[in-house]
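**Student:** One letter stands for each residue in the lines below.
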Amino acid sequence: MEYWVITTIMTAVYLIINLFIGIMAAKGQVDIREKLVGWALASRRLGPVVMFFLIGAGAISAYTFLGAPGWAYSLGAPIAYVIAYLTLGYFVVYLMADKIWRIGKIREFISQAQVFAYRFESDLVGLLAALTGTIGMIGYGVVQGMGFGYLMNFCTGGRVPFWAGTILIYGVMLIYVLIAGIRGMGWTNVYQGIMMYVMAWLVSLLTIKILVGGGYHEVFTKLAEEVPESLTLAGGGWSYAFWTTAVIVCAIGIVCWPSLWIMLFSAKSIRVLKRSISLIPLYWTIIIPMIVVGWAGRLVMPGVTPADTISMEMAKASLPAWLTGIFFAAVLAAAMSSSEGLPFTAGVLITTNMIMPYVKLSEKRRLQIAKLMTVVCTVIIITISILRPATIVGVLLLSYGYFVQLFPSIIAMFYWPRATKYGVISGFIAGLIVTTLCSGYPYTHPYGIHAGMWGFIANTLALIIVSYLTKPPRQEIIQEFIQL
Amino acid sequence: MVERYERKRKIMKLGLALLIFCFILHCWPVIELFDRPTPIILGLPPILFWTVLGIIITVICMNILYFLEYVRGGVKEER
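Heads up: the protein sequence lines correspond to chains A and B, in order. With our numbering applied, the first sequence has no gaps in its numbers, which climb one by one up to 985 at the end. With our numbering applied, the second sequence has no gaps in its numbers, which climb one by one up to 90 at the end.
Among the hints, a few may not be true.
Unchecked claim - One-sided and incomplete, this derived list gives chain A residues near chain B with beta-carbon spacing under 7 Å: (1) Ser-575; (2) Ala-581; (3) Ala-585; (4) Ile-711; (5) Gly-714; (6) Leu-732; (7) Arg-772; (8) Tyr-784; (9) Tyr-969; (10) Thr-971; (11) Arg-975; (12) Gln-976.
As the list claims (entries may be wrong) - Derived coverage of chain B by chain A (criterion: at least 3 residues anywhere in the stretch with Cβ under 8 Å from a Cβ of chain A; other residues may be distant): (13) 46-53; (14) 70-82.
Keep in mind that the hints were calculated from the coordinates and are not lab data. A virtual CB, placed ideally from N, CA and C, is assigned to each residue, including glycine.
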């Protein structure tokens, strides 16, 4: 049988099993069909195992399998910052999980933007938070969508065109997300998460054994002799200031993601939630085998372009077709586990903060609108990923780096009684402007410090100053937040 | 109720201290010590070994907090 036929069959089998698991997750769950909270939050009843994979596998995208090895291949050591910021980021989430989960439970909130609107007594603040979230989700969705096209194209040896791949993968995800909501994402993430973890290690160890002739020790001993600069930060063009600020900015950015808040709200109890989060960083060890493949590529396969395909090229050069096929499926699993929640989160945000405050709706109607909006956002993501209008893509790429600018307001919301809605709004706007100015329009990471850090400083200053200049908020709500 | 609140505050303070400790481990100047091609430790170059060790240290820190709050503190399951 031809090579591409085998890899295509493996990919198809993976997709069918995935769809089946996603749909089965809704079985016997009446609330999923009746209530928004049933569909979007699994009625706040998810247990520790599903939570572990929902969050853990949900944070691992195709980047781990393609982009990260590509970085290790072309730049070397700086890629280790991904492991550092993910680990630290979830420690921040662990410490804040208590308050986030409790306010959601007590006030029956479904989205992050609802918490903003409630604390700052302003539907406008909620609307802004929802808008930022929606644009960011669509932006990240487009980045992933462009990847799907390439991925399906690669898996099938160029037989499936770019547009068809993007539509197929988003289509499959849309089916099980519409039917089973977050419960469907949770159970598919268990399947995807286990599969991609096993495949990452297996493919890495086998590929290196066959192509380099040894283990990780041999790879790095050779690299240290032949290209020692690939093992230092300076060799990849990173200064210590950039490493440190990049790690901090990316780590604190994690707790800001609206898609993460929906996951946190879905946990059965705060204890279950903390049990899962306290172990989740162990899952980041999935990044190690893949970046080592990239490093090994430097020894045995120089000159691969684009660098992001190095892991797939290494697998293709050393493994039998059926195993490579499963590896491609694992890459797809990583891409899907992190993007299924994007149009879903956008749909929920639009419903809870752009429609619900202004129109009175029955519970059933809310659910229908949220599903409709999820479909609409999926269509928008697919369209932009396929047509790729340069300016829109440029804006979207910037936008999903903006989430970190929510961090000062999130901290202020829970811990600083004096924060006012005007303070939060001006902080956020100052943050966006400064981040944009420092992201190449016209400056690029001034003084070697990450753009997000400059935005973060401006944001915090504006928040504090404007809050003190405006009228303090009402005491009851503040007390509720401080005592959570 | 008050007692539970006080206890939570103490754990939160410890949590913050551990968080800052973990951040320091990953930032400059600590990271500079590991920014070199050799020695290869457990099959990994120094910087990768250090970040992986960072995962283990962070998980231990979070589990200390979890233990204090739920196992020794005996906080009941809240629903």
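**Student:** Each of the hints needs a verdict: does it hold here or not?
**Tutor:** Each hint, compared with the structure:
1. Ser-575: violated (17 Å)
2. Ala-581: holds (5 Å)
3. Ala-585: Hint on A:Ala-585: holds, closest Cβ of chain B at ~4 Å, below 7 Å.
4. Ile-711: violated (17 Å)
5. Gly-714: violated (15 Å)
6. Leu-732: holds (4 Å)
7. Arg-772: With a closest approach of 5 Å, the A:Arg-772 hint holds.
8. Tyr-784: Violated: closest Cβ of chain B sits about 9 Å from A:Tyr-784, beyond 7 Å.
9. Tyr-969: Check failed: Cβ of A:Tyr-969 comes no nearer than 24 Å to chain B, outside 7 Å.
10. Thr-971: violated (28 Å)
11. Arg-975: Nearest chain B Cβ about 22 Å off; hint violated.
12. Gln-976: violated (18 Å)
13. 46-53: Per the Cβ count (5), the hint holds.
14. 70-82: holds (count 8)
Hints 1, 4, 5, 8, 9, 10, 11, 12 from the earlier list are contradicted by this structure; the remaining hints agree with it.
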